[in-house]
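2 protein chains.
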Amino acid sequence: MTSIEPVTLLKLGGSVITDKNQPETLNHANIQAIATILSNHRPKNLIIVHGGGSFGHHHASNFDVTIENGTFDANEVDTIHSSMIHLCNIVTQTLRSSGMAAIPIHPLSIAWRDSESVFHLPSQHILVLLECGFLPVIHGDLVISEKKGATVVSGDEILINLSNSIPTKRIGFCTSTPGVLDSSGNVISQLYASQKQESSITHSSSTDVTGGMAGKIKQIAESNAPVSIFDLPNLENFLKGDEPGTLIR
Amino acid sequence: MTSIEPVTLLKLGGSVITDKNQPETLNHANIQAIATILSNHRPKNLIIVHGGGSFGHHHASNFDVTIENGTFDANEVDTIHSSMIHLCNIVTQTLRSSGMAAIPIHPLSIAWRDSESVFHLPSQHILVLLECGFLPVIHGDLVISEKKGATVVSGDEILINLSNSIPTKRIGFCTSTPGVLDSSGNVISQLYASQKQESSITHSSSTDVTGGMAGKIKQIAESNAPVSIFDLPNLENFLKGDEPGTLIR
Numbered sequence: 001m002t003s004i005e006p007v008t009l010l011k012l013g014g015s016v017i018t019d020k021n022q023p024e025t026l027n028h029a030n031i032q033a034i035a036t037i038l039s040n041h042r043p044k045n046l047i048i049v050h051g052g053g054s055f056g057h058h059h060a061s062n063f064d065v066t067i068e069n070g071t072f073d074a075n076e077v078d079t080i081h082s083s084m085i086h087l088c089n090i091v092t093q094t095l096r097s098s099g100m101a102a103i104p105i106h107p108l109s110i111a112w113r114d115s116e117s118v119f120h121l122p123s124q125h126i127l128v129l130l131e132c133g134f135l136p137v138i139h140g141d142l143v144i145s146e147k148k149g150a151t152v153v154s155g156d157e158i159l160i161n162l163s164n165s166i167p168t169k170r171i172g173f174c175t176s177t178p179g180v181l182d183s184s185g186n187v188i189s190q191l192y193a194s195q196k197q198e199s200s201i202t203h204s205s206s207t208d209v210t211g212g213m214a215g216k217i218k219q220i221a222e223s224n225a226p227v228s229i230f231d232l233p234n235l236e237n238f239l240k241g242d243e244p245g246t247l248i249r
Numbered sequence: 001m002t003s004i005e006p007v008t009l010l011k012l013g014g015s016v017i018t019d020k021n022q023p024e025t026l027n028h029a030n031i032q033a034i035a036t037i038l039s040n041h042r043p044k045n046l047i048i049v050h051g052g053g054s055f056g057h058h059h060a061s062n063f064d065v066t067i068e069n070g071t072f073d074a075n076e077v078d079t080i081h082s083s084m085i086h087l088c089n090i091v092t093q094t095l096r097s098s099g100m101a102a103i104p105i106h107p108l109s110i111a112w113r114d115s116e117s118v119f120h121l122p123s124q125h126i127l128v129l130l131e132c133g134f135l136p137v138i139h140g141d142l143v144i145s146e147k148k149g150a151t152v153v154s155g156d157e158i159l160i161n162l163s164n165s166i167p168t169k170r171i172g173f174c175t176s177t178p179g180v181l182d183s184s185g186n187v188i189s190q191l192y193a194s195q196k197q198e199s200s201i202t203h204s205s206s207t208d209v210t211g212g213m214a215g216k217i218k219q220i221a222e223s224n225a226p227v228s229i230f231d232l233p234n235l236e237n238f239l240k241g242d243e244p245g246t247l248i249r
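Chains R and V, in that order, are what the protein sequence lines are.
With the first letter of the first sequence counted as 1, position 30 gets the number 30 in this note's numbering; the numbers rise by one all the way through.
With the first letter of the second sequence counted as 1, position 232 gets the number 232 in this note's numbering; the numbers rise by one all the way through.
Excised from the complex, chain R in its bound form (with noise of 0.2 Å):
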């Protein structure tokens, strides 16, 4: 059986590596400064884990597939789960010129929800591969749910999930904003689990069908590891072991 040190988990948001207001278009610079900073820092034990941005999205809001609402059409699903691989591969791949051994895992081919919509996302190959000196990268994708055919999982999910599996020592939201907001536009520099709910927070304008910074701060609620969100000015600080934008506890 495997054991590794704590993780940390980073997300990158998929309104920082996509234009989310343009379908299917990448933000190369944001990626390749992304896979140039992982490759000065070199993190260990990290777990990548992306959003949509323009891809995800696009699809399954045009067929209505949401985290509540499936689809049983196979056609539905490989337009949406393709995209979301395409988008995967681009990410992989620039980190792996960047010399990162990063190797894509697809939620579709795991994970599930049960009939009481409970997510599950078994992990254990996950550790393997940390072990074994890989940075897994994960997305955002459909995964089948019971009764309710492929629906949404968001890329926060998936964090969440995962840090309440794999020991999680920190958590980072890359996004396109510097940290939650007050309502004058401020960052918030600390929130404490029983403000959580609470806090004004920014919505993001673009198709996102799974709830943009109000849904990812819900998730963030169920997560046991100290949260920092910020944006890409402050991964390298955030690798340092700095706590840029808002640090949540």
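There may be inaccurate statements among the hints.
Stated by the list, open to error - Each pair of labels, with its calculated beta carbon distance range: (1) V:115 / R:22: 35 to 41 Å; (2) R:192 / V:115: 37 to 43 Å; (3) R:222 / V:240: 46 to 52 Å.
Quick caveat, the hints were computed from the structure, so don't treat them as lab data.
C-beta: ideal position from N, C-alpha, C; glycine also.
Since the structure of chain R is already known, use the hints to place chain V on it.
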């Protein structure tokens, strides 16, 4: 918790769906023939597993990656795995074009070998896929192995593993030979468990890092369900409930 009728497991040999002697060469005609036959019969609770043929085996052989000998090189993993995903996409697309609700399942995303080299493949989500009316299509692939990096897993090993974790009615191996042959080249119509290791068997002359027919027979000895080995002209008979080729009990 999902409960379904016992399943039929169908292995499509790599030598049936590809030209094993030419790297990355499909046998389009056979893939289309399989899709047409399945579409005519619409078997319920079917799981398809396909081999690597000239896709996975070719690259694995180049990198000297086998069931025992793994790689820690993420670029090698990507090359082998992407080749298998490509083949699986062709198979699933062809099946969907014939009206089957085929959904790909990629073992690298889900399975692993532990420190005793025991292969693990969580299968709960596969039952949910079946319950929702989908046709899961799984393939030979790489899987992460403790201490060894990424090693080869054959379609045969996956199929036998599934037959031990999912209630299984019948297993069919659709291969490039009409069954297990005796020393005169005639099909042996029935074999019993005690004879499994003793029969004369054919050996594939093309690249196969997973053992070809010899490896298949070895795997079958570990299955609990009746196994038929037959060629493509007999796929229809198998789906009708007949026992073409060699039946192994």
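- Query: Does the Cβ pair residue 192 (chain R), residue 115 (chain V) satisfy 37 to 43 Å?
  - Reply: About 42 Å separates the Cβ atoms of residue 192 (chain R) and residue 115 (chain V), which means 37 to 43 Å holds.
- Query: Between residue 115 (chain V) and residue 22 (chain R), does the C-beta distance stay in 35 to 41 Å?
  - Reply: For residue 115 (chain V) and residue 22 (chain R) the Cβ distance comes to about 47 Å; the hint is violated.
- Just tell me: holds or violated, for the beta carbon distance of residue 222 (chain R) and residue 240 (chain V) against 46 to 52 Å? 51 Å, holds
Against the hints set out earlier in the document, a violation occurs for number 1 only.
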